[in-house]
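Chemist: Same order as they appear, the protein sequences are chains Y and C. Okay, so the first sequence: first residue is 1 according to my numbering, each after it adds one. Okay, so the second sequence: first residue is 1001 according to my numbering, each after it adds one.
Please keep in mind that the hints were generated in silico from the structure rather than gathered at the bench. Here the structure is a predicted model, which means the values were calculated and not measured. Where is the CB? At the ideal position from N, CA and C, for every residue including glycine. Warning: the hint list may mix true and false statements.
Cβ pair distances, simulated, as ranges [as the list claims (entries may be wrong)]: (1) Y:Glu128 / C:Asn1058: 36 to 44 Å; (2) C:Ile1045 / Y:Pro81: 38 to 46 Å; (3) Y:Glu128 / C:Asn1096: 22 to 30 Å; (4) C:Asn1074 / Y:Glu64: 20 to 28 Å; (5) Y:Ala36 / C:Lys1066: 36 to 44 Å; (6) Y:Ser126 / C:Glu1088: 40 to 48 Å.
Covered stretches of chain Y (in silico footprint by chain C; criterion: 3 or more residues with CB under 8 Å from a CB of chain C, positions within the stretch not fixed) [to be verified]: (7) 42-55; (8) 114-122; (9) 129-135.
Spelled out, the chains give:
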Amino acid sequence: MQRRSFLRGIGLAAAATAVVKPSLVLAAEAPKGANAMALDAAVKAITGGKAVVASPKVKLKAPEIAENGAVVPVTVEVDSPMTESDYVKAIHVFATKNSNVRCADVMLTPANGVAMFATRIKLGSSQEVMALVETSKGEFLSASQSVKVTIGGCG
Amino acid sequence: MAGRKALIKIKPKKYKTGDVVKVSFMVMHPMDTGLRKDKKTGEVIPAHYINDVKFLFNDKPITVMKTWESLSTNPVFTINFKVPCEGELKVIAKDNKGEVIEKSKKIKPKG
Chain Y
1 MQRRSFLRGI GLAAAATAVV KPSLVLAAEA PKGANAMALD AAVKAITGGK
51 AVVASPKVKL KAPEIAENGA VVPVTVEVDS PMTESDYVKA IHVFATKNSN
101 VRCADVMLTP ANGVAMFATR IKLGSSQEVM ALVETSKGEF LSASQSVKVT
151 IGGCG
Chain C
1001 MAGRKALIKI KPKKYKTGDV VKVSFMVMHP MDTGLRKDKK TGEVIPAHYI
1051 NDVKFLFNDK PITVMKTWES LSTNPVFTIN FKVPCEGELK VIAKDNKGEV
1101 IEKSKKIKPK G
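Whenever a hint applies, use it, and build me the whole structure from the sequences.
Modeler: Here it is in structure tokens:
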């Protein structure tokens, strides 16, 4: 009698496990490495294969822990004179693990006076946010910030 | 044209010629990623997001943006602007469905 009920217990447990599915679906699941490949392709398209230098001139501000993945504040500031001969041409913001890694391409001009772009982005999971900066002198600079997300922002 | 609420904010409110001010453009927009499903029908909600934002001063582009669905709902776009003279700041935003949202604000430096 005891053995029968014991086996039934195991059977029920197995059935329950089989039925239980992961209930939290964040951004659409991409095959492994697809995001990394998409990021590389996007960066290459922008830089033409030229070297990107991580630079302290690029200040990327994003929270280390995001309370809400749907509204993550991101600010990129670049130390640049913003004169006709030396200015930031573009700031590209990437969410490295989102199903679409592109967030924004911001083309600035000397009329901005100070190189800065701020917005709020959705992050589907904990990931690195990256800023890729293009200067009028043809340099490519970057900065990254790791953001931990407790509640995913895409679903 | 759908009257989407949008506004331009300048900080600080009082500025002089040559000052660098913060310009924020905010617009009510769902910024749907195309990944969500309608909870009632189970249908995928199609992607609907702002993909183009242009800031112009006296009709001359000063900042142009290409944006994607990863931006938050009711997005905000903040940049700096060095005030050269009096004039009009205009923001034109477009979304992937072809809708256009336009907003203007007078730039009036005091001194």
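Chemist: Run every hint past the structure and note whether it holds.
Modeler: So, going through the hints one by one against the coordinates:
no.: 1; hint: Y:Glu128 / C:Asn1058: 36 to 44 Å; result: holds, 39 Å
no.: 2; hint: C:Ile1045 / Y:Pro81: 38 to 46 Å; result: holds, 45 Å
no.: 3; hint: Y:Glu128 / C:Asn1096: 22 to 30 Å; result: holds, 26 Å
no.: 4; hint: C:Asn1074 / Y:Glu64: 20 to 28 Å; result: holds, 24 Å
no.: 5; hint: Y:Ala36 / C:Lys1066: 36 to 44 Å; result: violated, 22 Å
no.: 6; hint: Y:Ser126 / C:Glu1088: 40 to 48 Å; result: holds, 43 Å
no.: 7; hint: 42-55; result: violated (count 0)
no.: 8; hint: 114-122; result: holds (count 9)
no.: 9; hint: 129-135; result: violated (count 0)
The structure is inconsistent with the numbered hints 5, 7 and 9, although it conforms to all the rest.
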